[in-house]
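*Asks:* Each chain, letter by letter, is given below.
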Amino acid sequence: MRVKLLVSGLLLGVLSTFAAWAVHWSLGAHREVTYELPGTVTTLSFGNGKQEATRVDRTEAAVELRRFLTERSLALVVAPSTDGPPRLVVADPGGVLSWYTPSDPTGRDPGRVRRGHVFEGTYSQRQWRQGNSPALVPEEVEIVGTVPPPQGAGDLQYARPLGEYPLPFGEYVVSTDDPEELAEIRDIAYRAGFADLSTQRVPLWRHLRDDPLVGATGALLGAGYLAAALFWTLGLRDRAEEFAIRTRHGATRARLVWQVWPRGLPFQFLGIVGGVALSGALVVLVGLQPLDRIEYLVLGAGAAGGLLLAAGTWLLATVLGTRVRSEAGRAG
Amino acid sequence: MLGDLRGGVRMALRRWPTMLSLAAVIALSCVVLAVLLADVLVQFKALRGGHELRGRGAVVFKPYYGTSRVTSVPDRAVSDLVELIREERAYTAVINNVRVDDPEFAGGVPTVLFVGSRLEETLPDLELCEPAPCAMRGAEVATPAEPVEIAGHTFTTFERLSRSATHFDAHLGPVPLDERLVLNLPPESLTRLTGYEREEAMARTVLLEATESDVDDFVASSAAGDLYLVPRHIAVDRPKRLSGIMVVSTMYVVGMAAFLTLVLVAFAATARRTLHRQRAVFVIRRTHGASNGRLAARLAGFVGVVVLLPPLPPLAGLLLVGGPLAPAAGWMAALVVVLFLVLWGWAVRQQSGYERRGR
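In order, the protein sequence lines correspond to chains A and B. The first sequence: position 41 = 41 (my numbering), numbered continuously. The second sequence: position 247 = 247 (my numbering), numbered continuously.
This is chain B alone, in the form it adopts within the complex:
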């Protein structure tokens, strides 16, 4: 059996120009995949996030600041928002401005605040801790050494978010959370946030199933504090920015799919051609009494040396080194193994097909 495996390997090596170019294609697709896969996964989530926002008739806001200092969002506006979030008709997030004047906050790890139970529901890929207040850390972040304190809550335990967990914001697009801390706060803590945090929380508010007067009240109460929020009803106004974000995501996802299909088709065509040329060898072996198992082993050697051998060592290297490309390398390695199994099965069938046709 082992001899058959070796025979298959030799069979492949005899066609080294083809094999070399195949190895090159595989290496090429590995590199492209490793660099782009993480982006593509994030973009895929963005596509779903945008779709959900549209489906739920969400209203989002584009902020304009009337003064060059932090706007003084009136308490009434904030308490209105707290009420809306309590009634589960809104959620909000603070992404860029959490403790901006304290770079040492949470050990310097960028932190985001989420407020509102509807947030998790609108982003089906994101699994948040419950009940608020509670804290999580992105997959790449270690638990902070010191307790993290904000808005009167102190966090010491941090659940780990799944890898490439992503938040979606209608203006920012996908917000990867791998390298951030996530604090899930109850609505009433909004009143205890700093000026910049309150300002951003108002601006990132997403109103769900909101009536026209809800929107008007919200806009008017924040405009009283020089924070001008231009409302956009996602399903009706179809804001260009969100369209752009979603088209970009489509370009990543569909582009990657098209490229992979192209590589797979090229790959299968090459393997088929090589097998076709080798069919005589297999017929001779068969007539000399080789069993199905032995022929399959020979084919495994042949396909394996082409498909498995060139890409696995560099991928294993990437996995061992770790870093941002490691998850993509893991995925790619899995893909290569699946590819090997599929091609092997397909090669065995092709082979028996040639035999049956007597060619």
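One chain only, chain A, in its complex shape:
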């Protein structure tokens, strides 16, 4: 039984790690990218609208938006959605973005809006360091320095301030959830010829339910525990004779369960921890990325969850497996 518990624990450990991993990823995909804006943020998605707007209208809208943000001391990061160069457009009058630290944050210099900062560790930074003008930065932007990329920047190459050039399409992440302020921003965007394409956020439970990876790993995990329950129950039936004899000497069912159940736990524990370690190693080997702190936590959660489920299943198996039937007395 020990080997059985160890081996099945190992396999269940693998399955529960993967399920935990899938949930972790699904949560990550559901979480809003905030580009490290502190506090409450709202994401608005602006694309091409039906109303007419010239380049001048869009430039005016950009200036107006910047004025509005400065008045209310709001921070804004615009990321490209379907269209837009690989850059973030930033307005941070309050200086709340820890990663965006241009040398002249007040922005009195009129040439300021042309100046961009490349993100550290990007292809464009390498080109800039070699003294070339980066190919992925349009000519109207002059790179004057580097900044560390915010979380979620991915493949984006540089950041530039919002200013006297046409307001860009994209995801507007703004540090407020005040409906009045948001309405004002939408209004300005409307005058730039934009349409609000923001979609209702999918509730978390529906997001998890519709995630195929969560479904697949969950199904494997659930089916795995069902198979394990059967396996363990039948394994205990091998000891039916022993249980029958003990029952005749006065052992109650609860006592039998209480004797058998805790003795199996250490082996399950070993098996599951081994399985979790194994799948962690696999993820590192295949992904070629070291695990970060959160991913260690996910492994821990996988182990804890797997263990909890296994302990419950093992309890069920001991209850079912120690049942002494009249025929058990005759066995052998």
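Don't read these hints as lab results, they were simulated from the structure. No residue lacks a Cβ here, since even glycine has one placed at the ideal position from N, Cα and C. Please note that the accuracy of each hint is not assured.
To be verified - Covered by chain B, per the in silico footprint, the following chain A stretches (three or more residues, Cβ under 8 Å): (1) 15-24; (2) 83-93; (3) 131-143; (4) 216-225; (5) 278-289.
Unchecked claim - Among the chain B residues that face chain A by a calculated CB cut under 10 Å, a handful are: (6) H51; (7) E52; (8) T250; (9) V342.
With the hints as your guide, set chain B onto chain A.
*Replies:* Coordinates of chain B only, in the frame set by chain A:
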């Protein structure tokens, strides 16, 4: 002999609670397998595809579009790409944008374009027709009624791709081809594609054994047309997206393997227990002169009614109905038969083992 077979069946039926739960486990694993197996096969190919890309030092690109219209990729950028593909240092594909403005193209069947002889080499599981230009159809697609015309080539014959043929893209992950047409084009046809197709062909370019200046030139020439391609050297930069795709594939493949092992172990344990309880019956039969063959037949009846009988009818049903679950059902049926043979052989050995030990 037939009587022995029946005897075995009766022996199994006498333990119906165990047998019922076993049948339940088998049904359960059939369902899980039928639903997930196709995915797992595709993911397995993705794992190999990603591995090959890493091994060959490929450079892939993440596109950003400078304008909201289709970008005007300069002719020079396209002809550079044609040259790279001719020199067998690049390949590309158009997956989502083939004739986007013509929904009736190829009878409405989604179509992908492949360009470059290195593509097949990088995806060892994919067998493409030769020489380009030539056309193929996924296993689920009928030959189009009308000839398919693109970039000055007309295709009338379509080779059939093997089932669950899969393309691998570093951003999309595995791209199953079962329900698509595949057109294998020569490099110079890139210049005759539409704007959206050219844009996607540029963005999906995979450069192999590329030098730094190759990459710089490619990026600069497409950026001149407002198409910003951020290069990623797969082996060096280890892009997170590709890692994610490969870890997902591992989760499918290893998860399925772990589950199957668990079911098999549970199964073998149960069969062993039942045989152990029946050993007396076999000893009595042996002492009354039953031959090895007869005992084996009895065991075949016993194992068969447990392993073969419950899952085969539903699997056969799935196979007859067809549809997306049919291939998985076929695989599962084969697996069940193999399982039966293994367990039967193992049961016969166990049985003779009990006899030899005289228990």
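*Asks:* Does the nearest C-beta of chain A fall within a distance shorter than 10 Å of the C-beta of E52/B?
*Replies:* Given a least distance of 14 Å, the restraint on E52/B is violated.
*Asks:* Do three or more residues from the segment 278-289 of chain A put their C-beta atoms closer than 8 Å to C-beta atoms of chain B?
*Replies:* As far as the segment 278-289 of chain A goes, the hint holds, because 7 residues have Cβ atoms under 8 Å from chain B.
*Asks:* Between the segment 83-93 of chain A and chain B, see if three or more residues pass the 8 Å beta-carbon test, and mark the coverage as holds or violated.
*Replies:* Since 4 is at least three, the answer is holds.
*Asks:* Check, residue by residue, whether the segment 15-24 of chain A contains three or more positions whose beta-carbon lies closer than 8 Å to a beta-carbon of chain B, and give the verdict.
*Replies:* Holds: 4 residues of the segment 15-24 of chain A have a Cβ under 8 Å from chain B.
*Asks:* Would the hint on H51/B stand, with a C-beta cut-off of 10 Å toward chain A?
*Replies:* Given a least distance of 9 Å, the restraint on H51/B holds.
*Asks:* Would the stated hint for V342/B survive a check requiring a Cβ distance to chain A of less than 10 Å?
*Replies:* 18 Å, violated
*Asks:* Mind checking, does the segment 131-143 of chain A have 3 or more residues with a CB under 8 Å from chain B?
*Replies:* holds (count 3)
*Asks:* Within the assertion that chain B covers the segment 216-225 of chain A, do at least three residues meet a Cβ-to-Cβ distance smaller than 8 Å?
*Replies:* holds (count 6)
*Asks:* At a threshold of 10 Å, is the proposed contact between T250/B and chain A supported by beta-carbon distances?
*Replies:* 5 Å, holds
Consistency note: the structure conflicts with the earlier hints numbered 7 and 9.
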